[in-house]
Amino acid sequence: MSFLQVQELARRYGATTVFERVSFTIEKGEFVCIIGHSGCGKTTILNILAGLDTASAGTVIMDNREVAGPSLERGVVFQGHALMPWLTAMGNIAFAVRSRWPNWNHIQVQTHCQKFIDMVGLTGAEHKKPAELSGGMKQRVGIARAFAIQPKMLLLDEPFGALDALTRGTIQDELLRICEATRQTVFMITHDVDEAILLADRILLMSNGPGACVAEIVENPLPKPRDRHSIHHDPQYYRVRNHLVDFLVNRSKRYQSGELGNRGQAPISAKIVNLRH
Amino acid sequence: MSGKALSLAAALLSLLFLGIFLAIWHVATVPKAQSQAPVDEYAKLLGKGAKQAEGFPTLAQLGEAAAVQLTDPFYDRGANDKGIGIQLGHSLARVGAGYALAILFAVPLGFLIGMSPLLYRALNPYIQLLKPISPLAWMPIALYTIRDSSISGVFVIFICSVWPMLINTAFGVASVRRDWLNVARTLEVRPLRKAFAVILPAAAPTILTGMRISIGIAWLVIVAAEMLVGGTGIGYFVWNEWNNLNLTNVIFAILVIGVVGMVLDFLIGRLQAAVTYVE
Numbered sequence: 000m001s002f003l004q005v006q007e008l009a010r011r012y013g014a015t016t017v018f019e020r021v022s023f024t025i026e027k028g029e030f031v032c033i034i035g036h037s038g039c040g041k042t043t044i045l046n047i048l049a050g051l052d053t054a055s056a057g058t059v060i061m062d063n064r065e066v067a068g069p070s071l072e073r074g075v076v077f078q079g080h081a082l083m084p085w086l087t088a089m090g091n092i093a094f095a096v097r098s099r100w101p102n103w104n105h106i107q108v109q110t111h112c113q114k115f116i117d118m119v120g121l122t123g124a125e126h127k128k129p130a131e132l133s134g135g136m137k138q139r140v141g142i143a144r145a146f147a148i149q150p151k152m153l154l155l156d157e158p159f160g161a162l163d164a165l166t167r168g169t170i171q172d173e174l175l176r177i178c179e180a181t182r183q184t185v186f187m188i189t190h191d192v193d194e195a196i197l198l199a200d201r202i203l204l205m206s207n208g209p210g211a212c213v214a215e216i217v218e219n220p221l222p223k224p225r226d227r228h229s230i231h232h233d234p235q236y237y238r239v240r241n242h243l244v245d246f247l248v249n250r251s252k253r254y255q256s257g258e259l260g261n262r263g264q265a266p267i268s269a270k271i272v273n274l275r276h
Numbered sequence: 000m001s002g003k004a005l006s007l008a009a010a011l012l013s014l015l016f017l018g019i020f021l022a023i024w025h026v027a028t029v030p031k032a033q034s035q036a037p038v039d040e041y042a043k044l045l046g047k048g049a050k051q052a053e054g055f056p057t058l059a060q061l062g063e064a065a066a067v068q069l070t071d072p073f074y075d076r077g078a079n080d081k082g083i084g085i086q087l088g089h090s091l092a093r094v095g096a097g098y099a100l101a102i103l104f105a106v107p108l109g110f111l112i113g114m115s116p117l118l119y120r121a122l123n124p125y126i127q128l129l130k131p132i133s134p135l136a137w138m139p140i141a142l143y144t145i146r147d148s149s150i151s152g153v154f155v156i157f158i159c160s161v162w163p164m165l166i167n168t169a170f171g172v173a174s175v176r177r178d179w180l181n182v183a184r185t186l187e188v189r190p191l192r193k194a195f196a197v198i199l200p201a202a203a204p205t206i207l208t209g210m211r212i213s214i215g216i217a218w219l220v221i222v223a224a225e226m227l228v229g230g231t232g233i234g235y236f237v238w239n240e241w242n243n244l245n246l247t248n249v250i251f252a253i254l255v256i257g258v259v260g261m262v263l264d265f266l267i268g269r270l271q272a273a274v275t276y277v278e
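Protein sequences, first through last, are from chains Y and A. Numbering that gives the first Met the number 0 numbers the first residue of the first sequence as 0 and each following residue consecutively. Numbering that gives the first Met the number 0 numbers the first residue of the second sequence as 0 and each following residue consecutively.
These aren't lab readings, by the way, just hints derived from the structure by calculation. Ideal Cβ placement from N, Cα and C applies to all residues, glycine included. Among these hints, one or two may not hold up.
[To be verified] Computed list of lysine-lysine pairs in DSS-like fashion (alpha-carbon distance at most 30 Å, straight line):
hint, chain 1, residue 1, chain 2, residue 2
1, Y, Lys114, A, Lys3
2, A, Lys193, Y, Lys127
3, Y, Lys128, A, Lys130
4, Y, Lys127, A, Lys3
5, Y, Lys151, A, Lys3
6, A, Lys193, Y, Lys128
[To be verified] Pair by pair, the computed Cβ-Cβ distance ranges are:
hint, chain 1, residue 1, chain 2, residue 2, range
7, A, Leu69, Y, Ala130, 39 to 47 Å
8, A, Gly268, Y, Gly38, 41 to 49 Å
9, Y, Gln6, A, Ser174, 35 to 43 Å
10, A, Leu69, Y, Pro101, 29 to 37 Å
11, Y, Glu26, A, Lys130, 45 to 53 Å
12, Y, Ile106, A, Tyr74, 57 to 65 Å
13, Y, Gly123, A, Leu219, 44 to 52 Å
14, Y, Gln109, A, Pro190, 40 to 48 Å
15, Y, Leu274, A, Ser174, 44 to 52 Å
16, A, Lys130, Y, Ala130, 39 to 47 Å
[Claimed, not checked] Not close to chain A: a few residues of chain Y, all C-beta gaps over 10 Å, as computed:
hint, residue
17, Arg11
18, Val17
19, Gly28
20, Thr43
21, Ala56
22, Arg64
23, Ser70
24, Ser98
25, Ala124
26, Asp172
27, Glu173
28, Arg201
29, Glu218
30, Lys223
31, Pro234
Let the hints inform the model, and build the full structure from the sequences given.
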């Protein structure tokens with residue numbers, strides 16, 4: 000049994016179906032990215048996995064238990080960082096740590112927080128309020144907060160969307176390093192094809208909404224560990240990249256119109272794409 | 000203009016305005032040189048030519064009255080002759096009691112209303128109806144039911160302080176950012192901890208805004224309330240001095256009311272600044 004199983008998930012508002020027949024699995028330690036245009040329901044899927052939202056149909060099973068609400072087993076990094084502005088960086092992380100281990104004393108909490116602050120490279124900024132931090136630093140605090148509760152799975156909702164390219168690259172490297180070290184299971188939304196190729200083991204491609212579905216699942220053929228500075232020299236890199244960009248530009252629409260797939264009906268299972276030679 | 004220069008210029012201009020105001024006051028009230036002409040019958044009939052010292056007080060008279068009041072602010076020579084310090088103490092005690100009761104009532108209730116859209120809608124018509132009623136209109140009912148003028152004053156302060164706090168607390172709690180609540184949910188934070196560690200700090204600036212509006216209104220209302228019920232307090236002092244035709248003391252009391260109101264606002268303002276966060 001896979002660690003996470005998403006079966007026949009659907010979300011409807013009245014007569015409008017945002018997405019339907021969304022099924023996929025994630026193995027323990029796997030990094031999965033989901034790509035799709037705005038309005039296809041990516042964030043809703045993530046919120047359902049987090050337990051913050053409920054599906055109109057379908058089930059989510061994690062570690063043999065159905066997801067029925069929010070849980071400390073799943074850490075979420077929110078799109079807008081969602082730090083509490085009246086707490087310091089350390090305070091925000093400590094808030095999460097105290098929720099996870101209510102019986103810990105002050106020293107234990109501080110030591111644990113410091114470890115994760117150091118891990119995301121925020122040493123020295125512990126006692127700053129979010130308003131005094133740059134966008135990249137705020138998102139680092141958000142990541143540290145999610146990692147600090149040591150969840151079984153990490154859910155990232157387009158965490159680097161608002162960052163400049165340079166900062167984004169640095170934090171991507173850090174995330175990659177941390178995930179490799181901790182063997183963390185991750186589900187992440189992104190709009191950035193290069194980010195997906197760098198980070199993900201598998202990439203879920205969603206067709207356009209309304210009536211969206213996971214149309215293709217692309218296995219990333221590039222071997223681990225992947226490095227941002229040399230990845231584009233890999234002969235397979237542009238094949239994967241072209242496949243993904245092609246999907247976003249052309250095929251996402253054609254899946255929606257029924258030109259591809261089962262004539263307007265969402266496919267029961269996504270097409271598995273293996274681009275390995 | 001740099002910040003420092005601007006502050007200096009503003010201070011100088013303030014002083015200039017004060018100077019102009021005092022000069023006009025002085026010129027307008029300086030005793031006219033009395034013509035020593037014999038008073039004719041007609042003037043006597045009209046009351047003119049009698050002692051003219053009871054006109055609008057001069058600056059010197061005000062200064063004198065202030066010095067007298069401030070050298071012994073706590074004297075007590077019977078019901079109608081107490082020092083301004085004692086009168087202020089009575090007023091502040093009533094405002095403090097009414098205001099504290101209002102906090103104890105409005106903040107928890109506002110919390111509930113803010114958390115529950117159902118309660119919000121159910122109670123909103125009553126709040127809108129009760130809010131615009133002059134707190135003094137409650138006075139007869141308070142006097143009739145409580146049968147104590149001092150406690151009735153406290154009740155009037157309570158009723159006028161409660162609405163801004165209630166409305167602001169409910170609004171502050173209802174508009175806590177969804178993101179922060181979602182963080183609390185994913186961390187399985189218990190309801191009580193969520194209320195005190197997430198919602199309260201998030202809504203605190205709005206709640207304090209309500210409290211600041213309330214203290215201002217309470218200090219406005221206490222003067223009128225004490226004029227109405229009499230007995231003690233700064234409002235009663237003003238009314239009593241008016242009955243004594245002692246305008247000098249009335250003006251002095253007005254100044255004191257202004258200063259105390261400013262201090263109260265400043266104190267709550269400091270508290271407000273302490274809980275305000277930058278997003």
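Task: 10 Å Cβ clearance of glycine 28 (chain Y) from chain A - done: Nearest chain A Cβ is 21 Å from glycine 28 (chain Y), so the label holds.
Open item on the list: With the threshold set at 30 Å, check whether the alpha-carbon distance from lysine 151 (chain Y) to lysine 3 (chain A) stays at or below it.
Closed with: At roughly 56 Å apart (the allowed maximum being 30 Å), lysine 3 (chain A) and lysine 151 (chain Y) break the hint.
Task: Check on threonine 43 (chain Y) being off the interface with chain A, judged by Cβ distance over 10 Å - done: holds (13 Å)
Open item on the list: A cut-off of 10 Å on Cβ-Cβ distance, and valine 17 (chain Y) was said to be off the interface with chain A. Does that hold?
Closed with: Since the minimum Cβ distance to chain A is about 19 Å, valine 17 (chain Y) lies beyond 10 Å and the statement holds.
Open item on the list: A cut-off of 10 Å on Cβ-Cβ distance, and arginine 11 (chain Y) was said to be off the interface with chain A. Does that hold?
Closed with: holds (22 Å)
- [ ] Decide if the proposed pair is consistent with the structure: lysine 128 (chain Y) and lysine 130 (chain A), CA atoms, cutoff 30 Å inclusive.
- [x] Distance of about 38 Å is beyond 30 Å: violated.
Task: Consistency of beta-carbon spacing, glycine 38 (chain Y) to glycine 268 (chain A), with hint 41 to 49 Å - done: holds (46 Å)
Open item on the list: What's the verdict on lysine 114 (chain Y) and lysine 3 (chain A), does the C-alpha distance respect the 30 Å limit or exceed it?
Closed with: violated (44 Å)
Open item on the list: Please verify whether lysine 193 (chain A) and lysine 127 (chain Y) have alpha carbons no more than 30 Å apart.
Closed with: holds (23 Å)
- [ ] Can you let me know if the beta-carbon spacing of glycine 123 (chain Y) and leucine 219 (chain A) is within 44 to 52 Å?
- [x] Cβ of glycine 123 (chain Y) to Cβ of leucine 219 (chain A): about 50 Å, so the range 44 to 52 Å holds.
Task: chain A versus alanine 56 (chain Y) - minimum CB to CB distance exceeding 10 Å, so not interface - done: Per Cβ check, alanine 56 (chain Y) is outside 10 Å of chain A; nearest 23 Å; holds.
- [ ] Return holds or violated for the Cβ distance of glutamate 26 (chain Y) and lysine 130 (chain A) against the range 45 to 53 Å.
- [x] violated (60 Å)
Checked against the numbered hints above, the structure violates hints 1, 3, 5, 10, 11, 14, 16, 23 and 24; every other hint is satisfied.
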